[in-house]
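We have chain A; now place chain B onto it with these hints.
From first to last, the protein sequence lines are chains A and B.
Taking the working numbering, the leading residue of the first sequence gets 1, the next gets one more, and so forth.
Taking the working numbering, the leading residue of the second sequence gets 1, the next gets one more, and so forth.
Because the hints were derived from the structure by calculation, they are not lab data.
Heads up, a few of these hints could be off.
Residues of chain A placed beyond 12 angstroms of chain B at every Cβ, according to the derived structure [to be verified]:
(1) 37
(2) 79
(3) 82
Partner residues aside, some chain A positions facing chain B, computed with beta carbon under 7 angstroms [as the list claims (entries may be wrong)]:
(4) 2
(5) 4
(6) 16
(7) 28
(8) 30
(9) 31
(10) 32
(11) 53
(12) 80
(13) 83
(14) 85
For glycine and all other residues, C-beta sits at the position ideal for the given N, C-alpha and C.
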Amino acid sequence: MNFLTIFARNLKQGPQTEAFPLGPAFTPDRLRGRIEFKAESCEGCRICERVCPANAIRFAKTPDGMTFDCWHNTCVFCGNCEFYCPTDAIHQTNDWDLSHANVDKFDMVEHGLIPNQKCADCGATALNTAPMVKNAKPPLSAEEYTELRARCPKCRAKYLKNRKVPA
Amino acid sequence: MSTHNVPETFSIPVGPLHVALEEPMYFKIDVQGETVSHIDINAGHAHRGIEYLTTKRTMYQNVVLTERICSLCSNSHPQTFAMAAEKIAGIEVPERGIYLRTVADEMKRVTSHLFNVALLVHLVGYETYFMHMMQVREIGQDMLESIFGNRQDIGAMCIGGVRYDLDDKSIAYIKGALDKIEAETKDIIKTFKTNGSILRRTKGVGVLTHADAITCGVVGPVARASGVDYDVRREAPYAAYDRLPLIVHSLTDGDVWSRAMVRLEEILTSIDLLRVCLRDLPGGPVNINDRPDIPPGQAVTRSEAPRGEVIYYLRTNDTPQPERVKWRVPTFMNWDSLRFMLQDAKVADIAMIVNSIDPCLSCTER
Numbered sequence: 001m002n003f004l005t006i007f008a009r010n011l012k013q014g015p016q017t018e019a020f021p022l023g024p025a026f027t028p029d030r031l032r033g034r035i036e037f038k039a040e041s042c043e044g045c046r047i048c049e050r051v052c053p054a055n056a057i058r059f060a061k062t063p064d065g066m067t068f069d070c071w072h073n074t075c076v077f078c079g080n081c082e083f084y085c086p087t088d089a090i091h092q093t094n095d096w097d098l099s100h101a102n103v104d105k106f107d108m109v110e111h112g113l114i115p116n117q118k119c120a121d122c123g124a125t126a127l128n129t130a131p132m133v134k135n136a137k138p139p140l141s142a143e144e145y146t147e148l149r150a151r152c153p154k155c156r157a158k159y160l161k162n163r164k165v166p167a
Numbered sequence: 001m002s003t004h005n006v007p008e009t010f011s012i013p014v015g016p017l018h019v020a021l022e023e024p025m026y027f028k029i030d031v032q033g034e035t036v037s038h039i040d041i042n043a044g045h046a047h048r049g050i051e052y053l054t055t056k057r058t059m060y061q062n063v064v065l066t067e068r069i070c071s072l073c074s075n076s077h078p079q080t081f082a083m084a085a086e087k088i089a090g091i092e093v094p095e096r097g098i099y100l101r102t103v104a105d106e107m108k109r110v111t112s113h114l115f116n117v118a119l120l121v122h123l124v125g126y127e128t129y130f131m132h133m134m135q136v137r138e139i140g141q142d143m144l145e146s147i148f149g150n151r152q153d154i155g156a157m158c159i160g161g162v163r164y165d166l167d168d169k170s171i172a173y174i175k176g177a178l179d180k181i182e183a184e185t186k187d188i189i190k191t192f193k194t195n196g197s198i199l200r201r202t203k204g205v206g207v208l209t210h211a212d213a214i215t216c217g218v219v220g221p222v223a224r225a226s227g228v229d230y231d232v233r234r235e236a237p238y239a240a241y242d243r244l245p246l247i248v249h250s251l252t253d254g255d256v257w258s259r260a261m262v263r264l265e266e267i268l269t270s271i272d273l274l275r276v277c278l279r280d281l282p283g284g285p286v287n288i289n290d291r292p293d294i295p296p297g298q299a300v301t302r303s304e305a306p307r308g309e310v311i312y313y314l315r316t317n318d319t320p321q322p323e324r325v326k327w328r329v330p331t332f333m334n335w336d337s338l339r340f341m342l343q344d345a346k347v348a349d350i351a352m353i354v355n356s357i358d359p360c361l362s363c364t365e366r
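Next up, chain A with everything else stripped away, as it sits in the complex (with noise of 0.2 angstroms):
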């Protein structure tokens, strides 16, 4: 009995399956796909490399600074990586189309660099990290910030501890 109404639900619905590749597919935004990687935004910790459990994260160091690899081949796409990165430079995006030849498997990566950069105080030669500066208090000002990311650490420390704070 049920049947009939299913039957005519499904006639007037049509097909359930979707029509991609010849039309959209079912794409949430809160999939988890592709990762990205904001340089600007990295504090350096490494903890993204260490969370990662298919050990598709690599850092390593070259004149030019740090570089940052994701391996989107290997990764597992658990988003360990940015439920633990403490200023979001790790995002998942929701695109889930990773399909390629096979001559561009060693293409598949996301790849950043974070600069090294002369320390403005003392001139030695530093990485361009965003500071840790999530418990500063009381938040820096965007003239402060600026300051102190131009340091390097030993000098970034000093910054904050002479920091002037208002009573």
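Okay, now just chain B, sitting in the frame of chain A:
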């Protein structure tokens, strides 16, 4: 030709591929005519060495690794693992995290049970209804994908809470999807109670008596269908189950039909639990927002996976990697009961009876 040279019993292989769930399990079955007289179960084709691998990865990597042991219980494994780690480290999960753990658990249960019962209908030979049931399950799979970002490995758990959060929009979406699944499931239950093809193939087939169920120590829906009224969610509540109106369904016949019926009734209960969770969802953080080191120690935790009780043993030492992780999965307890269920069954019913314990060999052999 004289007939006395024909042997009375034959030995037929079933598996290791495509018994019921495309699970690699090998049965050597002696048949007398159409009737099974003796069975030999041989497993080990899906061994991947995951227990060893867990000792090579850190606790935080292992939450992801344990999720990939099994696709249909992919929430119960990391949850039980995280519960063990929390027990050792004395971490208390925030109240909202506890409720969201229950939400993830019950969503997976709904889709897992629908999948198993749909496969039963497929093995009965009722392909049209199988397609319909898989379409109903698809509502649940779309729900998982929309809330968690993946259809199977939902990645909801982390040590110290959950990784996802719900807002008003997603709660409304879940409620809408649950309404659809509930109406369809009620229809499916009605069909299971009245449809001749399903009743004839499943009633009185593969019976596991109450006494045999106790002997084999079966768990989950297999136990409850044989009258063993046991559910970890009630006996040893974890997550938010001590605050929820949980109904444990049990039947007494112990046949394939009863096991399917227990699963179908549990879907409705899960939907009710989900509604209560979403209604009572407290505010606050969803996890401890920290990544503490797990101190040396050991713990045993258990939870009710869709297939039954899953037990985790975890021993940690001073290193970030666990020293030993061991789990006992429901299928390990349930597959022994196949010897009783398949005894004197018809050859044509073998696949259906094997499917009725909802075997999961990827957990069992890991």
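Tell me, in ascending order, the numbers of any earlier hints that this structure violates. 2, 3, 5, 14
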